[in-house]
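Enquirer: In case you want the letters, here they are:
2 protein chains.
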Amino acid sequence: MNATIITIGDEILIGQIVDTNSVSIARQLNEAGIVVHEKCSIGDDADEIVRTLRRAMAVSQVVVLTGGLGPTKDDITKKTLASLFGGGMRFDEEVAAHVERMLTARGIDYNALNRSQAEVPVCCTVLFNRHGTAPGMWFEEAGCVVVSLPGVPFEMEHLMREEVMPRLKAHFALRQIVHRTLITSGLAESVLAKRIEAWEEALPPYLKLAYLPSAGVVRLRLSAYEVDGERIGREIEERFAELQRLIPAYVVGFETATVEEQVHRMLTERGETLAVAESCTGGRIASKFTAMAGASAYFRAGIVSYANEAKTTLLGVDADLIRRCGAVSEEVARAMAEGARRVAGADYALSTTGIAGPAGGTEEKPVGTVWMALATPERTLAVRQACGTDRGQVIDRASAFAIRLLRDELQRRSR
Amino acid sequence: MNATIITIGDEILIGQIVDTNSVSIARQLNEAGIVVHEKCSIGDDADEIVRTLRRAMAVSQVVVLTGGLGPTKDDITKKTLASLFGGGMRFDEEVAAHVERMLTARGIDYNALNRSQAEVPVCCTVLFNRHGTAPGMWFEEAGCVVVSLPGVPFEMEHLMREEVMPRLKAHFALRQIVHRTLITSGLAESVLAKRIEAWEEALPPYLKLAYLPSAGVVRLRLSAYEVDGERIGREIEERFAELQRLIPAYVVGFETATVEEQVHRMLTERGETLAVAESCTGGRIASKFTAMAGASAYFRAGIVSYANEAKTTLLGVDADLIRRCGAVSEEVARAMAEGARRVAGADYALSTTGIAGPAGGTEEKPVGTVWMALATPERTLAVRQACGTDRGQVIDRASAFAIRLLRDELQRRSR
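Respectively, the protein sequence lines represent chains A and B.
Residues 92 to 506 in this note's numbering are what the first sequence lists, from first letter to last.
Residues 92 to 506 in this note's numbering are what the second sequence lists, from first letter to last.
So that you can see chain A by itself, here it is in the shape it has in the complex (with noise of 0.2 Å):
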């Protein structure tokens, strides 16, 4: 069962905004057992509309479409789909009840452009959305489903989940489709392929692996579509298992778990706390550490010591040191990790500081340059890491690599 997803308007195709309707409405396709085909992204026009959902047609049985549904002339998707699919347009009481309420509730005159989103093509099934006033549509056309929704990104997220995959499961008798994603790091991704190369190859046709490298990272998933589920589903599960079994000392988890997830599982199992020290990373290992819920059980403090002096005065690390050593060294490193466990009053405390970039590097230091540190109750350790040369590639990297720190230790502090 093939799907293609189509996002409709110009301000996509001049790069305005993130598409991130057509990632969810795949997420949920995939866990559906739809293979998503392709997706489209086009401006709003009504040829290219019209053009783009008849070649979504002839390859796949369900197509979504998101956006181009507003009360506004630049919105044109439900007046071409109704030429389109013919029939002429309805006026549906119970939508403009809706938007009348809503409307009133916010404090919004209800005019005649509002009044206009509860027109709707006489062929479609009416998807009623609660949280938004453009309804989704259903239609039914040449053995195809064709679904069109709003593109405010939690109106279509709700329809989609509580009106558009019930129907679609209800509809078709859909198969299955297996992923299974295995979080490595420590190994390039090129080392990584030679060491499982004998595994990979010995894959049947059916088990599809993907290698998706990221800061530090290399995910590998293995991938089954549209397949018998049980017995796939095993065997999926044993060739996963030997692959594990080819590289244990590089498997820091599985499917979407990151290693902040790990360290925020561990150190609240364990009743411990953390502080961080970040100069070159900026707040982004305090950002991510805060941003999953029940940090606040473990996550003490952070300190973001840009400036030399509020290394100082915020860590108590000795200006001279700084002056000496620079304010990128082991030294200094070690200082803000130790300083912040102090300050903060905390289990652990990691530091960072680097040279970000692109400005500040040199000969010896060149910019990429990072030295960690991880402080805990029994001793203090300190790596340099070189994090290439893109200011963002180097926030990420040095982020990922101090957190790792702080996982492998965790992880040697628990045998």
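The set of hints was computed from the structure by calculation and includes no laboratory data.
One or more of the hints may lead you astray.
In this list, chains with the same sequence are indistinguishable; a pair is considered to hold if it fits within one copy or across any two.
Unchecked claim - As a list, the in silico BS3-like pairs of lysine-lysine whose alpha-carbon atoms are at most 25 Å apart:
#, residue 1, residue 2
1, LYS299, LYS170
2, LYS299, LYS164
3, LYS456, LYS164
4, LYS285, LYS170
5, LYS285, LYS164
6, LYS285, LYS299
7, LYS456, LYS170
8, LYS285, LYS260
9, LYS164, LYS260
Here the structure of chain A is known, so what remains is to put chain B in place on it, guided by the hints.
Expert: Showing chain B alone in chain A's frame:
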């Protein structure tokens, strides 16, 4: 001049990653006067790549592909392009030497898989990738330019900016695309549309108006595609000024420059400095500023005072005050901002303290309640803001609100 962007990778189709590459590419093409006609995401499948590329070349003179250039078996873009455009492969010594140097510096084995990255189609021009191991490729075929770039965002970004755009500008005689965006707040989309109806009706056909509603804000974008720059430039400015005069009280900003970029520029120009004290935003604000090159000129320090004791130890907030008023209160927000300003020796300091959720909400202070304060040389402002119901959303919105508070104050002071 039309362009098609094709992003390649199964991970996009299953919703495992958000495609930000095409956003950045679209923006750069647009700025140079190239109209992005369509964006497409397809899987790592040779037939599909060929089919999509052929279709794109029939309607666009510029096709940019990303992804599928890694060293592993699932990366097939290079081979597919070589066989489509013909001529076989050659070994590029310069790329090989660069790959070896890069890997050696990172302590990674230079093996057969990595060496294969230096294999390039004979018929392409190599776009040298200083920041990674997969080279970009430039093909000219049947009047079209086809560019293939690696999918790692910052590698793609550098190649696009430093190699692709200068070459496209030299290769084609490009016309202009002009966009002006007015950011409004306080009028619902439908009410706004009614308010500016006569102005919209009177727009000439080559000026296109788009409505882009999002949380609390409606952006109005006026666009002219591939025009004679000077005359249309004047025309669009006049219409844009008329539009502003229709809704002066609802205009909150222009274009897509982020608020933190505005603050970055203002502080840098004035030689003034900033500190932040974050509780619920957990380092996000510090991280937004320090992500920008040159932030060290004004960013002194950030304190993520997550635990109450950290508010006292690091920022000097009276422990009694916290007990009396609660950590999420106007008084504590003010004391945090003033404390951060003092300990960091900065001209301005921002603070946030709130309930990010999912736990911790009460009747009086539900999840999403955030107090934020700004301490300046003359006074301290404080604002309470409801920032939503989802943890990620609360952190995002609270960070955005706080930075906007600073931007508004900086603008007031410059008048």
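Enquirer: Now tell me if each hint is right for this structure.
Expert: Consistency of the hints with the structure:
1. Only between protomers do LYS299 and LYS170 lie at most 25 Å apart by alpha-carbon distance; the minimum there is 19 Å, versus 41 Å within a single protomer.
2. For the homomeric pair LYS299 and LYS164, the shortest alpha-carbon distance between copies (10 Å) is at most 25 Å, but the shortest distance inside one copy (45 Å) is not.
3. For a Cα distance limit of 25 Å, the shortest separation of LYS456 from LYS164 qualifies neither inside one copy, at 54 Å, nor across copies, at 36 Å.
4. Taking the closest pair of Cα atoms, LYS285 and LYS170 come within 25 Å of each other only across two copies (20 Å); inside a single copy the shortest separation is 54 Å, beyond that limit.
5. Taking the closest pair of Cα atoms, LYS285 and LYS164 come within 25 Å of each other only across two copies (11 Å); inside a single copy the shortest separation is 56 Å, beyond that limit.
6. In this assembly of identical chains, LYS285 and LYS299 lie within 25 Å of each other by CA distance solely inside one copy; the values are 17 Å within and 53 Å between copies.
7. In the homo-oligomer, the alpha carbons of LYS456 and LYS170 never lie at most 25 Å apart, since the shortest distance is 59 Å inside one protomer and 39 Å across protomers.
8. Taking the closest pair of Cα atoms, LYS285 and LYS260 never come within 25 Å of each other, the shortest separation being 41 Å inside a single copy and 41 Å across copies.
9. Taking identical chains as interchangeable, the C-alpha atoms of LYS164 and LYS260 are never at most 25 Å apart, the minima being 35 Å within one chain and 34 Å between chains.
In summary, the numbered hints that this structure violates are 3, 7, 8, 9.
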